[in-house]
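Engineer: Chain residues, written in single-letter form:
Protein chains: 2
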Amino acid sequence: MHVQIGQASKARLQPLPLQSVRLCGGMWRQRQRINRAVTLPHGYRKLHEAGNLNNLRLAAEAGEGEYRTPVFMDSDVYKWLEAASYALADGPDPELEGWVDEVIEVVAAAQMADGYLDSYYQVLYPDKRWTNIDHDHELYCAGHLFEAAVAHHRATGKRSLLDVACRLADHIDGVFGPGKRGEAPGHPEIELALVELYRETGERRYLALAQFFVDQRGQGTMRGHDRMGPAYHQDAVTVRDADEVVGHAVRQLYLCAGAMDVYIETGEPPLGDGQRRLWHSAVTRKQHVIGGYGARHAGEAFGAEYELPNESCYLETCAAIAAMMWNWRLLLASGDARYAEELERSLYNGFLSGVSLDGAHFFYVNPLWSPGGIARPEWYGCACCPPNVMRQIAMISHYALTQDASGVQVQQYLPLKAETAHAQVAVDCDYPRDGRIELTLSGCSGDAWTLALRVPSFCPGATVRVNDEAPLPAAAGAMMELTRVWRDSDKVVLDLPLAPRWIEGNPRVDATRWALALAYGPLVYCLESVDQAPGTDLRDVYVDAEQPVQVERCPDLLGDVVRLRAGGGLNSAHEVEDWLYRTWGGPALSRQPMALVAVPYYAWANRGDGAMRVWLPRR
Amino acid sequence: MHVQIGQASKARLQPLPLQSVRLCGGMWRQRQRINRAVTLPHGYRKLHEAGNLNNLRLAAEAGEGEYRTPVFMDSDVYKWLEAASYALADGPDPELEGWVDEVIEVVAAAQMADGYLDSYYQVLYPDKRWTNIDHDHELYCAGHLFEAAVAHHRATGKRSLLDVACRLADHIDGVFGPGKRGEAPGHPEIELALVELYRETGERRYLALAQFFVDQRGQGTMRGHDRMGPAYHQDAVTVRDADEVVGHAVRQLYLCAGAMDVYIETGEPPLGDGQRRLWHSAVTRKQHVIGGYGARHAGEAFGAEYELPNESCYLETCAAIAAMMWNWRLLLASGDARYAEELERSLYNGFLSGVSLDGAHFFYVNPLWSPGGIARPEWYGCACCPPNVMRQIAMISHYALTQDASGVQVQQYLPLKAETAHAQVAVDCDYPRDGRIELTLSGCSGDAWTLALRVPSFCPGATVRVNDEAPLPAAAGAMMELTRVWRDSDKVVLDLPLAPRWIEGNPRVDATRWALALAYGPLVYCLESVDQAPGTDLRDVYVDAEQPVQVERCPDLLGDVVRLRAGGGLNSAHEVEDWLYRTWGGPALSRQPMALVAVPYYAWANRGDGAMRVWLPRR
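Protein chains in written order, with my numbering: chain A, 1 to 619; chain B, 620 to 1238.
Honestly, I wouldn't trust all of these hints.
What the hints assert, rightly or not - Now the in silico label distances, taken between C-beta atoms and shown as ranges:
| hint | chain 1 | residue 1 | chain 2 | residue 2 | range |
| --- | --- | --- | --- | --- | --- |
| 1 | A | Trp130 | B | Arg846 | 23 to 33 angstroms |
| 2 | B | Asp1156 | A | Ala475 | 28 to 38 angstroms |
| 3 | B | Gly848 | A | Glu481 | 55 to 65 angstroms |
| 4 | B | Asp1049 | A | Gln219 | 57 to 67 angstroms |
| 5 | A | Cys554 | B | Asp862 | 37 to 47 angstroms |
Said to hold, decoys possible - Not close to chain A: a few residues of chain B, all C-beta gaps over 12 angstroms, as computed:
| hint | residue |
| --- | --- |
| 6 | Phe831 |
| 7 | Gln1043 |
| 8 | Asp1049 |
| 9 | Thr1102 |
| 10 | Cys1173 |
| 11 | Asp1179 |
| 12 | Met1213 |
Quick caveat, the hints were computed from the structure, so don't treat them as lab data.
The structure presented is a predicted model; accordingly, all values stated were derived computationally and were not measured.
We put the beta carbon where it would ideally sit given N, CA and C, even for glycine.
Work the whole structure out from these sequences, hints included.
Structural biologist: Here you go:
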């Protein structure tokens, strides 16, 4: 998840090393505190209770009782280790480091002498290794192990998990590759992980194997164990020829992230061109407004173009995370601010809704409309999302800054202190609750370099001011570049006007027709029934977008949010209760005007059961 | 499927005997000709080719090769036999009767000495009878055998199939029932079939067993072999307590039809009350405008309330048929014209789309929007729909008339001659292409009786005229009752004004918001790209409902249809191509006005590949 590419890569921008950025306040620092205090210990307990660790102990012939499925239980362990490693990078933490070392011991003990490691096959089907690559998850689990090992090594300098990962990677490299077995992994993940393992170890075989796995897709190498078919597995066409995101959304997006990692290292044009086509398909045809992906429950899959339903959509939390990983790599490769803005969309909406404010409850599925009855459970039988949330929150600062030879780019606005190649950068802000961003520089080199600030497309009228100079207009949807010989204590203030705005959907989309969604900065808002007048049925609301929207900062609400109050009302419930279709042209429905209260989508379902709605019909 | 209830039943209305109604022209007679000339022979061939008949021969130890699944292959044979029997009721047909007798011989030979008959278990799992009631289809296949046997007996007077059916029914009655096994069948069908078998044989055990199966649901008797869960099987609550149609749509609707058949015979109030609640749920929450049911592909299932998507909906042809069967029984029980109107909605739209104009291609799934790439195949691996279409078309006249002690009710307008309890009724019309319905009476008894004519709710301004008397207004959405001592040659002319109209959807439905569907009489219309100006992308059309709709009778188009021409146009494709969401309040999209040409929905996909759309966004 954390990316650390070499200077020799073909990327336009460089990420910052893991320890170079520290959050120092704001909503994400608060989330990281909860992540450390609540979520990581919760995950540690669940890995014990749900049997993940016992599965690995069984593989080491030290466990008790029955093996517990699903087949990819090991990967939850690895994602938790990765998350905990990022937390350790934040500073000394003996308790957490003890848990990490304990879990790594369990993992290491499970590894076989030849490097193979997958508790499911070791315990249940020792003779069936690598026989069901499309449906089972050996290579997927391996990928998460590699990511965890890289994170652990970067965070602690310890090789305990990295050595396990390299032994498994070497084993896999002995089984798969040119002249060996050629087969596309059913669930992508190992591709991006192998590239990261290459970056951490310098072992080029790992990069070559990542490219090999990417190249296998669309070659008819899958053995057809799985009835879901080739499109579900992104195996109907090659990665370079694909022009539509299809099938299982997380698989598609992990594959895209892996292909981009290969592209970042190789710069091969057809691979990059294919990814840009797929991004266009995703962002202009198959994305929900919260930056979530996967319209269908069936197959956890992308739907048809413009099939973007509100209630029956899937939008798995892992898919939003995967989209952020993909957009991050697209950003590094190109320097194009659009990718940072799409990352931001998922981050503040479809990803963040995946975890409760208390840090101990998780959404797998993130609908845009619920009549009620939906709550985040503590854990899942298929628990891919909770540890994915943990690792994402623990390394969120990674997405804030990039750098290159010419300067530093601020991609996301979080209060932080960063050590860059050109200077120390301190960012002070309360974004996205407020649009004033204050940057202070120190440790400047004395050379001229460019400080580039991303101005989101939804912020027309932004201005930037350096020290006491006159404010400059900063164009929306672009990087505002300030080039000069920066001096210590130079201060830059970016003013992003975060006025509430109404969003409309493409007219080709049924689900958003004649409806509007309310937004404030990067945050998509929703109505929750708990905030409305008693008896309000969210099925019957309408909005009047001509009325001004009132903005109210509420420090005590939902962990400190900006609440919005919009004009609108209710259609008469009894006039719509008893019919579905009727001849058009009759009398208009009776309406009762009332104010509607909206809160950020990510914060929904934190105050008991109730209805929630994002897209609101127009008057 | 054909219902023949006794005078002692609790129904308000009586259906007419099978041979009492003969079509004599019009679109349905044409469909029946194609059914006899093309579809039934096509089905007969497919039963041979697809292995259905060989499966039964294997059960009789006379077949060759492998058994072929799915598990309910026998039911296709029975539905074909039922369809062919209705065709035989139309008049002598030695060729068809020969096929029927041949197929019945195959069925009879397969039956075991103890009466058991299900080729799947007999051939593959002879020791596993009745072990997987929820997932497998022994009782479902039995039900279709009973329906076929009853139809064959009514049509031909032969007992060859009826005897097989009774032996199997007796066998099942020996296995299931109070004090024996109590389990709800996973796929309802046997309930309504047992009631019909009771009606045909007078054997009250069959009625009791039907009621027993209805009563089992919601009692936790299903053994949980099937992972789909209790709601999928309508087993979460009892039939009497249910207030929402849920789960697999065909299962739900067959169950409803069976429960209504039991209610018709018993008149038990809680059963009837439950059915009325379920009908309200179906018709005001979960029905697509074409009278199709089942919003979701996953589980072939009903969606949530108001979840009625256009492209991703399922609307299995069998579900529309099942809805017609249910509405027919609701009509018989109550005499309420609403049920006949809902039957009509499914009949002319979501059912009829299930078969091509050439009679040899079938839709299983019936979407309301397709960007193209959809065609009716010749048959299906899961071929429940094609023979279901055959039997429905072959007995369509059954739905035209009802009678009771007070008179005759005309429920559907088809050109026909009928022998009723009060007179011979001849109907001459070209409905739904034209709204003039002419009825001529003969063989009148000399007593006073009521001729009741159903006036659809979509026909305000209808009038009725008896002989040369002054026209009377006939209220829409009700039965127009004319009571008098009718004389031979009395003529009644009903004038239904079939003006084109725009239909709107309930504002709680996302998929139809700010969109209209065009209709003419009972027919829902659609746009097909083949009829529009070259290059028209149906994703970008809008309609202007303020403009008049032109009506054009086209005898040579799609088997003779009324074509409609509406005002509307196209949004600029290039202005909507590259985004999904944007801030509301920008410049309006460019539009190009153009006329839009609509044809009946049922006739779509008969002229090669292309896009189709029912719900059209408003200007």
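Engineer: Which of the numbered hints are not met once you compare them with the structure shown?
Structural biologist: none
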